[in-house]
Amino acid sequence: MAQKIITVYFDDLTDEESAEVTTHTFALDGVSYEIDLGPDSYEQMLQAFGPFMSKARKAGKVRKPGARPAASRPAEDTARVRAWAKENGYSVNDRGRVPAEIREAYAKAH
1 MAQKIITVYF
11 DDLTDEESAE
21 VTTHTFALDG
31 VSYEIDLGPD
41 SYEQMLQAFG
51 PFMSKARKAG
61 KVRKPGARPA
71 ASRPAEDTAR
81 VRAWAKENGY
91 SVNDRGRVPA
101 EIREAYAKAH
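For the sequence shown, the positions run 1 to 110 when the numbering used here is used.
Honestly, I wouldn't trust all of these hints.
[Said to hold, decoys possible] Pairwise CB distance ranges (calculated):
1. Gln44 to Ala83: 32 to 40 Å
2. Leu13 to Ala56: 20 to 28 Å
3. Asp77 to Glu17: 44 to 52 Å
[Said to hold, decoys possible] SDA-like mimics (lysine to any residue), calculated; alpha carbons at most 20 Å apart, straight line:
4. Lys86 to Arg103
5. Lys86 to Ala107
6. Lys58 to Lys86
Hint data in this document are derived by calculation from the structure and do not stem from the laboratory. Think of the CB as a built atom: it goes at the ideal place given N, C-alpha and C, for glycine as much as any other residue.
All chains, please: the whole structure from these sequences, using the hints.
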């Protein structure tokens with residue numbers, strides 16, 4: 001038996017069917033929202049948010065799915081970076097956070 005599944009995308013604002021609909025996320029007062037919009041509706045949303053976004057402060061970066069925060073890096077990675085830094089003339093403490101400049105230099109070298 002064969003089965004055919006057809007996915008139809010609708011703009012949440014206009015209720016119009018469109019292959020160009022994509023999902024967009026935003027947050028307000030600590031609540032995250034998702035909305036499916038076509039290009040015209042998305043532009044309309046950006047224009048509405050524009051005056052507020054131009055005056056707002058960024059609260060932080062949105063992490064990509066699967067990305068790990070720095071605090072969850074394995075200890076062996078940090079130890080390896082420290083050892084490399086000392087061998088290459090960088091001043092780095094034996095404990096605590098490894099400065100971003102050193103991590104970036106290590107990444108460029110490897």
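Tested hints:
1. For the hinted restraint 32 to 40 Å between Gln44 and Ala83, the CB-CB distance of approximately 54 Å leaves it violated.
2. A hinted range of 20 to 28 Å holds for the C-beta pair Leu13 and Ala56, which are about 22 Å apart.
3. Between Asp77 and Glu17 the Cβ separation comes to about 48 Å, which falls inside the hinted range of 44 to 52 Å.
4. With a CA separation close to 12 Å, the supplied pair Lys86 and Arg103 stays within the 20 Å bound.
5. Between Lys86 and Ala107, the direct Cα distance comes to roughly 15 Å. Compliance with the 20 Å bound is thereby established for this hinted pair.
6. About 36 Å separates the Cα atoms of Lys58 and Lys86, which puts this hinted pair outside 20 Å; it is violated.
This entry does not satisfy hints 1, 6, going by the numbered hints stated previously.
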